[in-house]
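Residues per chain are reported as follows:
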Amino acid sequence: MNSFTFEAATDEAAALKAVARSSSSFIAGGTTLVDLWKMGALQPEHVVDINALPYRGVTATPEKLQLGALERMAVAADHPDLARHYPLVAKSLLLAASAQLRNMASLGGNLLQRPRSDTYRRPELRKLPLYPTRNDAIFATGGRVAFPHPSDLAVALTALDASVRLRSPRGERTVELSRFYLAPNDTPERLTSLASDEIIVSIEAPGLPYGRRSTYVKIRDRSSYQFALVSVAAALDVDGGKIRDVRLAAGGVGAKPWRLPQVEAALREKPNTRSSYEAAAKLAGEGAETHAQNAYKVTLLERTIVRALSEIGGLS
Amino acid sequence: MSLPPPGFSESRREFLKQATGLVSLALVPPDLMSKPSSLSELSLDDAAPGTATKPVSGAVDVTLQINGQSHTLALEPRVTLLDALRERLDLPGTKKGCDHGACGACTVLIDGQRVVSCLTLAVMAQGKKITTIEGLAAGDQLHPMQQAFLECDGFQCGYCTAGQIMSAVGCVNENHARDDAEIREFMSGNLCRCGAYPNIRDAIQKAAPVMKGGAA
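Residue numbers (my numbering), protein chains in the order written: chain A, 1 to 316; chain B, 317 to 532.
Heads up, a few of these hints could be off.
According to the in silico footprint, chain B covers these stretches of chain A (three or more CB under 8 Å from chain B) [to be verified]:
#1 1-10
#2 34-41
#3 88-102
Treat the hints as calculated values from the structure; they're not laboratory data. A virtual CB, placed ideally from N, CA and C, is assigned to each residue, including glycine.
The shape of chain B in the complex, shown without the other chains:
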């Protein structure tokens, strides 16, 4: 394995973005990327009662509060929060695994509660406080859960890690991380195909008292 050239470390993500950008554009259905249309297009009154109506596919303005910042986007109502984060807001830290609520890779916090963003419509997340993995650290200061995952080696390939960390933060805040058995049960919605579970559990054990303001 050869060492990367100087300066490579910062460019890896940029390279991946550029390399996958064209592909992901091609995969998004054309009307997902459509320009905003007027709200009146969505009005029920357009459809005469009792007649067959054609579905109106138009984008609407959606305002999301993400990691303390407000973003307004033109989105179709069918766009999930996960796709909005990854494809439109340049926040690819939240991962797409199964896209059906079964793996937990896309876990984010909405008003402090962990949810799967793949089954959340972005339009329904308006007016709520959304926290993604990108918003967990305080500047350069990692969140105690992020720090604990590093120290306990709570990952291998890393794909599930953002979801694991967000879910773990929710788990501690719900007070469902009081012992090993409880952590296992209340983290069961986050799958790790590498099998880093014992280290993930250790990380949560380590971070929980720090999060609750106890000794580090």
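Just chain A, same shape as in the assembly:
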């Protein structure tokens, strides 16, 4: 465990100046950084506490979703407006980690979680050839053995077309999550397009008026406090027995949060029935790259989509 120096930034300018130093790292909740520092996977020389920065607040209306990057998972999960207008987001938070970790972890940090693979977490294993496991991603792997992105929140936000607002000494930019996350075939060493001197200010999504009719279903090896084998974020707009619109994203399957546009397209304008769900879900595995140990995820994904849609579909 390397030693590091520390400072608590009092404002954004101080934080951005401090992190400009090489091998600096921001710390908010610390649940990723301290863990991975102990493993030797991250070795910051200078740690900058950003908790005094004003990136807080939850705004959740049918017209807009905005989450402060430093808001704690537990605070957002318990926010009544989020639970009412975007249950898929609230549930993705409540089904993640433990109560203690949700009290600590920031939303911005949640999005920056690292793969849960031994080869990432244990640097001494990085020189060994990658070996296949049942946890491996089936999408966006770039033909490699890759672990799925571990964030549940990122999956729910992907279904909502969310973006992150970033600031650096060069100014501000907004990046859609679909472009924020990099697949291993893009850049094996980089997980996101966040620059080393950039900070996440907030998470924003255009409103989804039918977001009230949404859910997050997470399938895992134990019933709580575990990463997803497969998860599905779903929102459904039904009118007169017909599916008008739908959003679907999946976790546990992609090296980055995985949207399912072909399944969405197959559901639009179809009757709101279980057989419509089942027929469309059959398309979910399109483009999957599987091996013997993770091929089950295709079937599990199809069934999880059907379960999520059934939960919100209002079928009798």
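Once you have looked at the hints, place chain B on chain A.
Just chain B now, kept in the frame of chain A:
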């Protein structure tokens, strides 16, 4: 099994402390125990911009409010709250299990909220109210959660118990202990390898109304 000699009950912890003291000293990296150095050692200005800098490893003064008492310690910024409690403040009630935030044995309350002290840097806990298992009872009067764990047999080996109790207090205060299912879900961050879960759940059910000021 022979009975312990008279007076043994009070000496067990002292014996363990003495027996393990040398070992734990040997395990702590030497610079964790280093004497305080000046704050200026940590100043960013020491490093010329754009040049490779060597990490400065120095201890800084850290003031922690623990169980109503203020403690000032010279600590490196990398020292976790858990290690500060156990190794420096003689508060070994908070246990080290996995040391990676996965088991909950090190749970304490910071400003009333349960957190894992193994992933909390002590330097970041300054200015906040820290409560450990040692600070839960009011003198000789056990906290209702401690009492309920005794009455419901909410433990076997006891290693996870301090973390379970602190987490349970947080769980009730968050109002996430309203029924069995909710208790199971919101206590899932505390692992018990002995499998005392049903009794732990019973203890929380029993303590919750007492904590909320209802009938005992």
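Going through the hints against the structure:
For a cut-off of 8 Å, the count of residues in the stretch 1-10 of chain A with a CB near a CB of chain B stands at 8, and the three-residue condition holds. Remark: the stretch 34-41 of chain A is confirmed as covered by chain B, as 5 of its residues place a Cβ nearer than 8 Å to a Cβ of that chain, reaching the required three. Coverage of the stretch 88-102 of chain A by chain B holds [criterion: at least 3 residues with CB-CB distance below 8 Å; count 5].
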